[in-house]
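Using the sequences and the hints, build the whole thing.
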Amino acid sequence: MSSNNKGLSHIFQKSNQIGELTEDMIIQGIIERTESIIGRVYQDNKSKIKNLIWSFKNLQLDVEDIYQDGFTIAIMNIRNGKFRGESSFSTYLNSICRNICLKKLKDRPSVEFSEVHDKIEENDNHFLIQKLLEIRSQLDSKCKEIIDLRFTLAGKVNEAEPNKCLSFDDIAEHLGITTENARQRFKRCLDGLRKIVMNSSEMKEQFYSI
Amino acid sequence: MNTSEQDIELIENYLDDKLTQEEVVHFNERLKNDSSFEKLFEFRKKIQNTWTQANEFESTKSFLKKLDMKNTSSGSSKKLYWAIAVAAMFILIVPITIKLNKPNNQLQMNELESKATVEFLDDRFKQLYPVQGQIVKSGNILFTWESALDVKTAIVLTELESKEVYIISPITSDLKNYLLKDTMPPGKYEWKMEGFKGTKLFIIK
Numbered sequence: 001m002s003s004n005n006k007g008l009s010h011i012f013q014k015s016n017q018i019g020e021l022t023e024d025m026i027i028q029g030i031i032e033r034t035e036s037i038i039g040r041v042y043q044d045n046k047s048k049i050k051n052l053i054w055s056f057k058n059l060q061l062d063v064e065d066i067y068q069d070g071f072t073i074a075i076m077n078i079r080n081g082k083f084r085g086e087s088s089f090s091t092y093l094n095s096i097c098r099n100i101c102l103k104k105l106k107d108r109p110s111v112e113f114s115e116v117h118d119k120i121e122e123n124d125n126h127f128l129i130q131k132l133l134e135i136r137s138q139l140d141s142k143c144k145e146i147i148d149l150r151f152t153l154a155g156k157v158n159e160a161e162p163n164k165c166l167s168f169d170d171i172a173e174h175l176g177i178t179t180e181n182a183r184q185r186f187k188r189c190l191d192g193l194r195k196i197v198m199n200s201s202e203m204k205e206q207f208y209s210i
Numbered sequence: 001m002n003t004s005e006q007d008i009e010l011i012e013n014y015l016d017d018k019l020t021q022e023e024v025v026h027f028n029e030r031l032k033n034d035s036s037f038e039k040l041f042e043f044r045k046k047i048q049n050t051w052t053q054a055n056e057f058e059s060t061k062s063f064l065k066k067l068d069m070k071n072t073s074s075g076s077s078k079k080l081y082w083a084i085a086v087a088a089m090f091i092l093i094v095p096i097t098i099k100l101n102k103p104n105n106q107l108q109m110n111e112l113e114s115k116a117t118v119e120f121l122d123d124r125f126k127q128l129y130p131v132q133g134q135i136v137k138s139g140n141i142l143f144t145w146e147s148a149l150d151v152k153t154a155i156v157l158t159e160l161e162s163k164e165v166y167i168i169s170p171i172t173s174d175l176k177n178y179l180l181k182d183t184m185p186p187g188k189y190e191w192k193m194e195g196f197k198g199t200k201l202f203i204i205k
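Going down the list, the protein sequences come from chains E and Z.
Take the first sequence: its letter number 173 is residue 173 in our numbering, and every next letter is one higher.
Take the second sequence: its letter number 200 is residue 200 in our numbering, and every next letter is one higher.
Derived from the structure by calculation, the hints contain no laboratory data.
Among the clues, some could well be false.
[Unchecked claim] Within a straight-line C-alpha distance of at most 16 angstroms, the following computed EDC-like cross-link-like pairs (lysine to aspartate or glutamate) qualify: (1) Lys131(E) to Glu12(Z); (2) Lys163(Z) to Asp62(E); (3) Lys39(Z) to Asp16(Z); (4) Lys188(Z) to Asp65(E); (5) Lys188(Z) to Glu64(E); (6) Lys164(E) to Glu12(Z); (7) Lys46(Z) to Asp148(E); (8) Lys104(E) to Asp62(E); (9) Lys195(E) to Glu205(E); (10) Lys104(E) to Asp65(E).
[Unchecked claim] Where chain Z lies over chain E, by a calculated footprint (3+ residues, C-beta under 8 angstroms): (11) 36 to 45; (12) 187 to 195.
Don't be surprised by glycine CBs; every beta carbon is placed ideally from N, CA and C.
Written out as structure tokens, the structure is:
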């Protein structure tokens, strides 16, 4: 357990004694990145969610992958304040995983349902992330590196301003190149990324929908 | 430098607060009047946000994978107990069940054999039911083998997601073995015979 989670350690010890984690403990454990709590919640929900995924007939789904994707989205939503606590974590996780399955089924309309699934709620965020991960693999490593530095390292340096960009001076120093080279490389790479997005109708719709 | 790269440079300078007051005014005017420039600016903001989320997604998922692997390795002794328990159950209970219910089971197997598509795992082995990839939803008998087996040969079942392993010692006095569906949790299974080449898949719902 990391040092910033000391406040929760006594709760977890207590929860071990009673054998149950309360909803508050689960949410706090996820926010505070308490490995023992996340691990326990991950295992506790696994078989139930696996059964849910298996209920989607005739579709060769990667159960483990969908469960990990769903759990990851749940964690991210909780940490980003998108989880409103209107249901239990378990129900929330169930609905996220169900939506991932439904999205996959929607993409393959010939597949039949093994039970009645009344509504497909889109999870565009997950869809966008998945698509971006796909197109990111088409970028060369230098482009990926410089975009990564510009977009994300500044957020790590200054968590209060997550959208702030790392300066080209800092990027240049990090990469051992001139500031002007860093600026030119970033421009070329971002334009390349933009062109890949423009060539994907689904991505274009998401990024140019204003 | 093409137009979009020029505009990207302008946007990056704006985001870095490198524009003069006059340039900022002009920038905002363009945002209002030039829809393609506005779209490029929106793209720039959205792509950074999604890129950051994608990184967070990757690192969180990677953390969960490691956590899962840790749990899997720490649960290996639990799996051993499972394997022993299932093996013991089959050694002790299945022969009794076969003897008590032989006429009915024989009938079920005969019925099944008449409908089954036979697949060969090896020259000496054939699987009658389920066939490769088939989903088992009901019925007591999952699959059947025919062979004269070495008593030490075991049937090894691996649940592909959880990697749980179930080992069943075959009953060599019978030329057919069968497995009760409800003794196995739902999952995607790979089965093989110890010492034989090849594997087959089936799914228990």
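Against the structure, the hints come out as follows:
1. Lys131(E) to Glu12(Z): 24 angstroms, violated
2. Lys163(Z) to Asp62(E): 14 angstroms, holds
3. Lys39(Z) to Asp16(Z): 19 angstroms, violated
4. Lys188(Z) to Asp65(E): Status holds; Cα separation ~14 angstroms.
5. Lys188(Z) to Glu64(E): Roughly 11 angstroms separates the two Cα atoms, so the pair holds.
6. Lys164(E) to Glu12(Z): Measuring from Cα to Cα gives roughly 11 angstroms; hence the hint holds.
7. Lys46(Z) to Asp148(E): Judged against 16 angstroms, a Cα distance of about 14 angstroms means the pair holds.
8. Lys104(E) to Asp62(E): 11 angstroms, holds
9. Lys195(E) to Glu205(E): 13 angstroms, holds
10. Lys104(E) to Asp65(E): Roughly 13 angstroms separates the two Cα atoms, so the pair holds.
11. 36 to 45: With 4 residues in contact (Cβ-Cβ under 8 angstroms with chain Z), the coverage given for the stretch 36 to 45 of chain E holds.
12. 187 to 195: With 6 residues in contact (Cβ-Cβ under 8 angstroms with chain Z), the coverage given for the stretch 187 to 195 of chain E holds.
Figure legend: structure checked against the earlier numbered hints; hints not met, in rising order: 1, 3.
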